[in-house]
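Chain H is fixed; fit chain U onto it per the hints.
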Amino acid sequence: MANAPDQTSLFVDRFGPHPAYATEVHLETSGRIDRLVSTHCCFCGQQCGINLKVRDNAVVGFEPREDFPFNEGKLCPKGVKRYLQGMHPDRLLSAFERDDSSPSGFRPMTYERAVERVAAEIDRIQREHGPDAFAVLSGASLTTEKTYLMGKFARVCLKTRYIDYNGRLCMVSAGAGNKKAFGIDRAANPWSDIPKAEVVWIAGANVAECAPITTSYVWQARENGARIVVVDPRITPIARTCDLFLPVKPGRDIALFNGVLQLMIENDWIDGDFIERHTVGFDAVAEHVREWTPRRTAEVTGISEKAIRKAAEWWGQASTSFLLHARGIEHHTHGVQNVLGAINMVLASGRIGREGCGYATITGQANGQGGREHGQKCDQLPGWRDIENDEHRSYIASVWDVEPETIPHSGVDAYEIFRKIEAGEIRGLLSICFNPKVSLPDNSFVTRMLEKLDFFVAIDFFLSETAQHADIVLPGSLHEEDEGTVTQIEGRVIKINKAVDPPGDARQDWRIVQDIAHALGRPHGFSFESPREIFDELRIASRGGVADYSGITYEKIQKQNGVFWPCPGDDHPGTPRLFEADSWNPVAKGSGPFYFPDGKARMNVAPYTPPAEDVDDEYPLMLTTGRVVSQFLSGTQTRRIGPLVDQYPEPLCEMHPRLAEALGIRTGDPVIVESRRGTMRLPAIVVSTIRPDTVFIPYHWPGARSANQLTVSAQDPISKIPEYKVCAVRIRKEA
Amino acid sequence: MPVPAHMEFFIDPNRCIGCQACVQACSECDTHKGHSMIHLEYVDRSHSVQTAPVVCMHCDSPTCAEVCPADAIKRTEDGVVQTARKPRCIACNNCVLACPFGVPKMKTDAHLMMKCDMCYDRTSVGRRPMCATVCPSEALFFGTREQIEARRKRSAPTNSFRFGNQAITTKVNMMLPVTARSEYIDVTAAMGDRNVGKDIRFTVLTDALFDDAEERTV
Numbered sequence: 001m002a003n004a005p006d007q008t009s010l011f012v013d014r015f016g017p018h019p020a021y022a023t024e025v026h027l028e029t030s031g032r033i034d035r036l037v038s039t040h041c042c043f044c045g046q047q048c049g050i051n052l053k054v055r056d057n058a059v060v061g062f063e064p065r066e067d068f069p070f071n072e073g074k075l076c077p078k079g080v081k082r083y084l085q086g087m088h089p090d091r092l093l094s095a096f097e098r099d100d101s102s103p104s105g106f107r108p109m110t111y112e113r114a115v116e117r118v119a120a121e122i123d124r125i126q127r128e129h130g131p132d133a134f135a136v137l138s139g140a141s142l143t144t145e146k147t148y149l150m151g152k153f154a155r156v157c158l159k160t161r162y163i164d165y166n167g168r169l170c171m172v173s174a175g176a177g178n179k180k181a182f183g184i185d186r187a188a189n190p191w192s193d194i195p196k197a198e199v200v201w202i203a204g205a206n207v208a209e210c211a212p213i214t215t216s217y218v219w220q221a222r223e224n225g226a227r228i229v230v231v232d233p234r235i236t237p238i239a240r241t242c243d244l245f246l247p248v249k250p251g252r253d254i255a256l257f258n259g260v261l262q263l264m265i266e267n268d269w270i271d272g273d274f275i276e277r278h279t280v281g282f283d284a285v286a287e288h289v290r291e292w293t294p295r296r297t298a299e300v301t302g303i304s305e306k307a308i309r310k311a312a313e314w315w316g317q318a319s320t321s322f323l324l325h326a327r328g329i330e331h332h333t334h335g336v337q338n339v340l341g342a343i344n345m346v347l348a349s350g351r352i353g354r355e356g357c358g359y360a361t362i363t364g365q366a367n368g369q370g371g372r373e374h375g376q377k378c379d380q381l382p383g384w385r386d387i388e389n390d391e392h393r394s395y396i397a398s399v400w401d402v403e404p405e406t407i408p409h410s411g412v413d414a415y416e417i418f419r420k421i422e423a424g425e426i427r428g429l430l431s432i433c434f435n436p437k438v439s440l441p442d443n444s445f446v447t448r449m450l451e452k453l454d455f456f457v458a459i460d461f462f463l464s465e466t467a468q469h470a471d472i473v474l475p476g477s478l479h480e481e482d483e484g485t486v487t488q489i490e491g492r493v494i495k496i497n498k499a500v501d502p503p504g505d506a507r508q509d510w511r512i513v514q515d516i517a518h519a520l521g522r523p524h525g526f527s528f529e530s531p532r533e534i535f536d537e538l539r540i541a542s543r544g545g546v547a548d549y550s551g552i553t554y555e556k557i558q559k560q561n562g563v564f565w566p567c568p569g570d571d572h573p574g575t576p577r578l579f580e581a582d583s584w585n586p587v588a589k590g591s592g593p594f595y596f597p598d599g600k601a602r603m604n605v606a607p608y609t610p611p612a613e614d615v616d617d618e619y620p621l622m623l624t625t626g627r628v629v630s631q632f633l634s635g636t637q638t639r640r641i642g643p644l645v646d647q648y649p650e651p652l653c654e655m656h657p658r659l660a661e662a663l664g665i666r667t668g669d670p671v672i673v674e675s676r677r678g679t680m681r682l683p684a685i686v687v688s689t690i691r692p693d694t695v696f697i698p699y700h701w702p703g704a705r706s707a708n709q710l711t712v713s714a715q716d717p718i719s720k721i722p723e724y725k726v727c728a729v730r731i732r733k734e735a
Numbered sequence: 001m002p003v004p005a006h007m008e009f010f011i012d013p014n015r016c017i018g019c020q021a022c023v024q025a026c027s028e029c030d031t032h033k034g035h036s037m038i039h040l041e042y043v044d045r046s047h048s049v050q051t052a053p054v055v056c057m058h059c060d061s062p063t064c065a066e067v068c069p070a071d072a073i074k075r076t077e078d079g080v081v082q083t084a085r086k087p088r089c090i091a092c093n094n095c096v097l098a099c100p101f102g103v104p105k106m107k108t109d110a111h112l113m114m115k116c117d118m119c120y121d122r123t124s125v126g127r128r129p130m131c132a133t134v135c136p137s138e139a140l141f142f143g144t145r146e147q148i149e150a151r152r153k154r155s156a157p158t159n160s161f162r163f164g165n166q167a168i169t170t171k172v173n174m175m176l177p178v179t180a181r182s183e184y185i186d187v188t189a190a191m192g193d194r195n196v197g198k199d200i201r202f203t204v205l206t207d208a209l210f211d212d213a214e215e216r217t218v
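Chains as they are written, first to last, in our numbering: chain H, 1 to 735; chain U, 1 to 218.
Fair warning: there could be bad hints in the mix.
The calculated label-pair distances, taken between Cβ atoms and stated as ranges, are [said to hold, decoys possible]: (1) U:A91 <-> H:D56: 30 to 38 Å; (2) H:Q558 <-> U:L97: 49 to 57 Å; (3) H:E650 <-> U:T31: 28 to 36 Å; (4) H:E313 <-> U:N165: 47 to 55 Å; (5) U:E149 <-> H:R290: 46 to 54 Å; (6) U:T108 <-> H:L93: 32 to 40 Å; (7) H:L10 <-> U:V187: 54 to 62 Å; (8) U:R181 <-> H:V12: 52 to 60 Å; (9) H:D123 <-> U:T31: 56 to 64 Å; (10) H:D56 <-> U:P87: 31 to 39 Å; (11) U:T31 <-> H:T609: 55 to 63 Å.
Simulated from the structure, these hints should not be mistaken for laboratory data. Think of the CB as a built atom: it goes at the ideal place given N, C-alpha and C, for glycine as much as any other residue.
Isolated chain U (complex conformation):
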């Protein structure tokens, strides 16, 4: 049974609280039990508690499959990019290096690439993926477009990304603030810029206390 077309995956990093429930739950999924396929990292813990969860975006034209010399990565008709097929995978790492989102993991002990398959064992029988079921903040959400529109008035989904000249559309959606609505997310736009993260300062903790502080210090 395919994953129902009206059930979609939505990611909203703005909601993520870094609790790792998704990471811990991913390793409970029956198809890859004991291994977590989710990446969850602090963007820059020294300056913020912000974290970003990354699951497979399930690209319409998956780069991982395109670069696979062994044709081990299949995309099912319902748009789910499966983990590498064990008999075919030669553990060459091409997919790991090529995926623009950095999703596949190489399990060197098993000589096998593993990645998120959107809990195919669950989603193909009408259930929600582990991560999006447990996520306490609904940063990972699996449901219908109507549900997301009704619940998320401040943001809107997009599934178009640009990495330099490469345009990618994905099965998984990323929520963007409505104020920042754009036709696509330009992922590498800031790559040439200085690492601004280091310059961010939460001055709220060190601000002047008094409304007239400026006048007083003058």
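Excised from the complex, chain H in its bound form:
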């Protein structure tokens, strides 16, 4: 319902964002800390081990944690400075109610009254408009326990079909592609296989900035003699010293993969025996890629024929390899096809399921993996079960102690939820761990929809740009204020340990959600006393599913420094590498290593289609968006950490000197970037490390500095991921 309050000085005084710096209490910690808590970083999907220094119930610093095998003490600048979110002046310490008469736009209220009001509004909206009139938006930075609880809360307590999550902006194309090809969606290999590969192929992944620790694995491969192939429209730091750089035109990745596969087939650089024994669909794919000659591939991708041939030769002739991709190929209206094309290259080579033979998407969010497995997706039930499968519904209903027919059916994706607000079907919204006003494309539409809601409640620890629209804000918990599990980039389930109690009236998120259920008079199934109890139910709920956690316990995680799922039994050590030749899974039941009844992987025809919005005379340039190393996602946390703000304070528009010269633009000049959705003004940085037909803007900022004012809301028809990586813009120097 609410417009965001005016950003008066009183509003900013209270809610920020204030960039926090180390103060006396942080600086004088040597020998004066109460304890060191061994846990993980709160930011990206790598989930680096870190030790937090705690004094007087506050996180005051960090120590590298060298015993966690993934990062052995390594951290990026975000991990180093993450401790500055503790004791932050912007922290929400009570519940708030939107109140225009209050100088800051919000008035503090007691937690109990706030929960009562939330329950009353949910009840009213659902009574007047039906259960589906209230929707839930959740997030993949939550622990797996919380994501499980959010899915259960929507289906059992609210009985709404409309829940989705911000992984919709992140991992869903890879997830859908993996599911189609392998029947399971998880990194196929642990990262320790990367240094054993002869060729490391990195497609659309700014590894150095978005998954910095992964760099050491890639560099180690190079030291061991591997060739590194990077596909990207920009020469990113990982591309700078690679052996072969393929400067793909944004949105044309599938053409490249098809072209490489065509050359592999033509030169017999394929593993016919593997294809025959372990895959289905090769002939149709081979027929389809026949038209992707090197010339046509070059025409479409903008990569030279010579480089395409070289890439195919290296990939085709390797005896071990690892293919990594990320949002660069996934954030497209044909993101799933891009992923399928990449997987075809892997399957045709036969190099998967063995040491040094790997494939993975580089998951972005902290719990991007665990957060997409246990039921906060609109079409999913825990254990990666299908909400439309009667057997699956029955099993989960038995775990939840409800009747199967009471579980709502499949809902819609996160962006579609906003379209349903526009249509008047959804009237109320609860959001947690999601800042769509910054992170969704065409965000002026998102803002209008937030304003249109009858009632909006946000659970947050800082007042995010989205939470500014809330009628009620409930004070949630920071990462270090709760315990639980997270499944990191490799599929390794790890344990987040609690360092401090939530301050003031702030609560652990799972408690807040349960309090709402109780206030609604619908407490059935929401009486957990701890994350461990939630995890124990999740273990049962996941049993027999593809994402089987039933054999994982907090103790086993501690003992093994993480457990790779699937882990179907108490004496099962977990599964670091999928698809090993003699492996068993509950779908194939011994008939083969892949997760289909016949045990065979699927090769899928992946046709090329251009981006939803191609360039034309009016908007002649391609805009691509992405991240910088010092900021994370919508910046709710990292824009409040001073040293990270200073490292990259504002978005810059990267452009090639050839383009800049034509437009009379020099580094530092303010430029106007316009798309059919919006306009933004920002400084230019002229660099010869980007394609001349493409400009790049990072997306971490809100309002007038938000790149998502420009992006297009076109989505992949299968995964529903938005096309963040390419839309048409025009640029001029500010007069």
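Relative to the frame of chain H, chain U by itself:
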């Protein structure tokens, strides 16, 4: 306790990704908390994303100490050149100007020169320096020579540098590609040359697309 002799510092700028984890972590070191002693700069951002991290090289005969009129800079027996001693430092800037690697920083508000002391509080008790512990790319590495030899087959360490007529050996090692193996790094060799950085072009982004493009344009 001295820094163990078998534990050495290795820098490989080739691996650096410019993430500034080292810069951010340096300011977390207990002896100079709040101040970062590392320099990390783009070589020429307009043409490359290449960055170069610079920590103190801990010279065997430190120029900074040699030019210090107040004898404020000490080199411990284990070869670590310490930051200026506060009671002695007169903030004259001699060290800042003289260091061939450009390492010392003058904190004018504190009237004190500060520089990297290889996290002496950590390394002297058997731990690794902050920067080399967190570095995501291992461009900064602290470990044994055996470790570096086993892990870095494409490069080899050197600790000899020439700045014009001045020869310097250092405690810290610089990794050089094995193909470019040399007895020393001649740092100023190209000083008289034109600034070639400006002429570097990544033609890969503007190359002709087709194998027969040359023939076609002829």
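Each hint, compared with the structure:
no. : hint                          : in the structure
1   : U:A91 <-> H:D56: 30 to 38 Å   : holds (37 Å)
2   : H:Q558 <-> U:L97: 49 to 57 Å  : holds (54 Å)
3   : H:E650 <-> U:T31: 28 to 36 Å  : holds (33 Å)
4   : H:E313 <-> U:N165: 47 to 55 Å : holds (49 Å)
5   : U:E149 <-> H:R290: 46 to 54 Å : holds (49 Å)
6   : U:T108 <-> H:L93: 32 to 40 Å  : holds (39 Å)
7   : H:L10 <-> U:V187: 54 to 62 Å  : holds (55 Å)
8   : U:R181 <-> H:V12: 52 to 60 Å  : holds (57 Å)
9   : H:D123 <-> U:T31: 56 to 64 Å  : holds (59 Å)
10  : H:D56 <-> U:P87: 31 to 39 Å   : holds (33 Å)
11  : U:T31 <-> H:T609: 55 to 63 Å  : holds (58 Å)
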